[in-house]
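Student: Given the structure of chain A, go ahead and fit chain B onto it with the hints provided.
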Amino acid sequence: MRMDLIQPFINSADAVLAQALESPISIENLSMEEKAYRRKGIAAEVCLTGEIEGRIIFDMGLETAVQLASRLAGVEVSETDDDLVREAVCELANQIIGNSITTLNDQGFHFRVHPPTLHTSEQGSKSSEDTEALVMCFNTSSGNVFMNVALRHHCPRALGRSAVAG
Amino acid sequence: MEKFAPVKRSEDGQPVRYLIVDDSVFARKNLARMIETFGGQVIGEAGDGVSAISEYERLTPDIVLMDITMPQMEGIEAAEKIVRDHPGARIVMVSSVGYQENIVAALQRGARHFVQKPVKPEILYEVIKYVMRDDGTTARGAGA
Numbered sequence: 001m002r003m004d005l006i007q008p009f010i011n012s013a014d015a016v017l018a019q020a021l022e023s024p025i026s027i028e029n030l031s032m033e034e035k036a037y038r039r040k041g042i043a044a045e046v047c048l049t050g051e052i053e054g055r056i057i058f059d060m061g062l063e064t065a066v067q068l069a070s071r072l073a074g075v076e077v078s079e080t081d082d083d084l085v086r087e088a089v090c091e092l093a094n095q096i097i098g099n100s101i102t103t104l105n106d107q108g109f110h111f112r113v114h115p116p117t118l119h120t121s122e123q124g125s126k127s128s129e130d131t132e133a134l135v136m137c138f139n140t141s142s143g144n145v146f147m148n149v150a151l152r153h154h155c156p157r158a159l160g161r162s163a164v165a166g
Numbered sequence: 001m002e003k004f005a006p007v008k009r010s011e012d013g014q015p016v017r018y019l020i021v022d023d024s025v026f027a028r029k030n031l032a033r034m035i036e037t038f039g040g041q042v043i044g045e046a047g048d049g050v051s052a053i054s055e056y057e058r059l060t061p062d063i064v065l066m067d068i069t070m071p072q073m074e075g076i077e078a079a080e081k082i083v084r085d086h087p088g089a090r091i092v093m094v095s096s097v098g099y100q101e102n103i104v105a106a107l108q109r110g111a112r113h114f115v116q117k118p119v120k121p122e123i124l125y126e127v128i129k130y131v132m133r134d135d136g137t138t139a140r141g142a143g144a
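In the order they appear, the protein sequences are chains A and B. So the first sequence is numbered by the numbering used here: it starts at 1 and just counts up by one. So the second sequence is numbered by the numbering used here: it starts at 1 and just counts up by one.
Excised from the complex, chain A in its bound form (with noise of 0.2 angstroms):
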């Protein structure tokens, strides 16, 4: 998988889970995943539309949830919680997708994103030729969160317009 579409997407959640956290993020992990996707815990899912299709799939275990959701909402959240606790992790994996692709369509990339959805199955689809699946595990004050990124470049040329505006 090409890091120009990567890179974006580990700037925006390192920025964004460090905003949020009010502390510094790490990646503690970074892998091609061959296997099919395993959730982790509460994930969200966002699909991609356009030049480059597929999902990212934010995924992280109820406890870390519950700590970064209690963060974003500035008042103690219990796991009890459930909505708000699912809220928050959609909530944020819209902020840091929506962050990534603001940058990727500024390099001249076209694609439309969906809003988030809770992606409550245990296993999603396995990694093809054409949509490889990048984990990236970030370590985070609250816990491990998980990016799930399989895209697929759809159309040639946004590569070349990609390339020229850098």
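Everything labelled a hint here was simulated from the structure, so no lab data went into it. The beta carbon of each residue, even a glycine, is placed where N, CA and C say it ideally should be. Treat the hints loosely; a few may be bogus.
[Claimed, not checked] Derived Cβ-Cβ restraints for the label pairs, each shown as a range:
no.	chain 1	residue 1	chain 2	residue 2	range
1	B	Glu126	A	Asp4	29 to 35 angstroms
2	A	Asp4	B	Met73	52 to 58 angstroms
3	B	Asp134	A	Thr120	47 to 53 angstroms
4	B	Glu11	A	His154	50 to 56 angstroms
5	A	Thr80	B	Thr37	23 to 29 angstroms
6	A	Asn29	B	Glu11	53 to 59 angstroms
7	A	Glu79	B	Asp134	44 to 50 angstroms
8	B	Pro87	A	Glu76	57 to 63 angstroms
9	A	Glu28	B	Lys3	35 to 41 angstroms
10	A	His110	B	Thr37	34 to 40 angstroms
11	A	Leu30	B	Val50	36 to 42 angstroms
[Unchecked claim] Computed footprint of chain A on chain B, listed as stretches where at least three residues anywhere in the stretch have a Cβ under 8 angstroms from a Cβ of chain A:
no.	segment
12	18–26
13	63–74
14	96–103
15	110–124
Tutor: Chain B in isolation, oriented as in the chain A frame:
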């Protein structure tokens, strides 16, 4: 959360009335908390563009904070429809998707300003003051 000098309506000194439009309940709650610190009043909420239009008609708020990516009808289209019928509508787009093309499209269709998520309260506050301009006053001495 930081407290700001309250922004009031200059015509009657009442709090600025807001309609918050976002498909995320969580995002709406967060914006509502910020508005409280600006001394504003949230008079309505909507989760998509279609409801935003009907809520605007019903409530005629002073300011609409409008997300872009939403189900049913997106924020830019909803903003365009509101401004077409109410040219004085003050709509501020609040979205994580802030690429130039999107911002230009929103402004061309009648939005007054754009704020990128994650929203920083101090930035939204300045935007609110700017958008209210002559129609809003800020109490002196309350200290931001």
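Student: Hints first: check each against the structure and report whether it holds.
Tutor: Quick rundown of the hints versus the structure:
1. Glu126/B to Asp4/A: 29 to 35 angstroms: holds (34 angstroms)
2. Asp4/A to Met73/B: 52 to 58 angstroms: violated (33 angstroms)
3. Asp134/B to Thr120/A: 47 to 53 angstroms: holds (50 angstroms)
4. Glu11/B to His154/A: 50 to 56 angstroms: Given about 52 angstroms between the Cβ atoms, the range holds.
5. Thr80/A to Thr37/B: 23 to 29 angstroms: holds (28 angstroms)
6. Asn29/A to Glu11/B: 53 to 59 angstroms: holds (57 angstroms)
7. Glu79/A to Asp134/B: 44 to 50 angstroms: holds (49 angstroms)
8. Pro87/B to Glu76/A: 57 to 63 angstroms: violated (44 angstroms)
9. Glu28/A to Lys3/B: 35 to 41 angstroms: At 38 angstroms between Cβs, range holds.
10. His110/A to Thr37/B: 34 to 40 angstroms: Check passed, 38 angstroms falls within 34 to 40 angstroms.
11. Leu30/A to Val50/B: 36 to 42 angstroms: Holds, since Leu30/A and Val50/B (Cβ atoms, about 41 angstroms apart) stay within the stated range.
12. 18–26: Coverage by chain A holds for the segment 18–26 of chain B (4 residues, Cβ < 8 angstroms).
13. 63–74: Three-residue rule met by the segment 63–74 of chain B, so holds; n is 3.
14. 96–103: Contact hint for the segment 96–103 of chain B vs chain A: holds, 7 residues under 8 angstroms.
15. 110–124: Per the Cβ count (3), the hint holds.
Of the hints listed earlier, those the structure fails to meet are numbers 2 and 8, in rising order.
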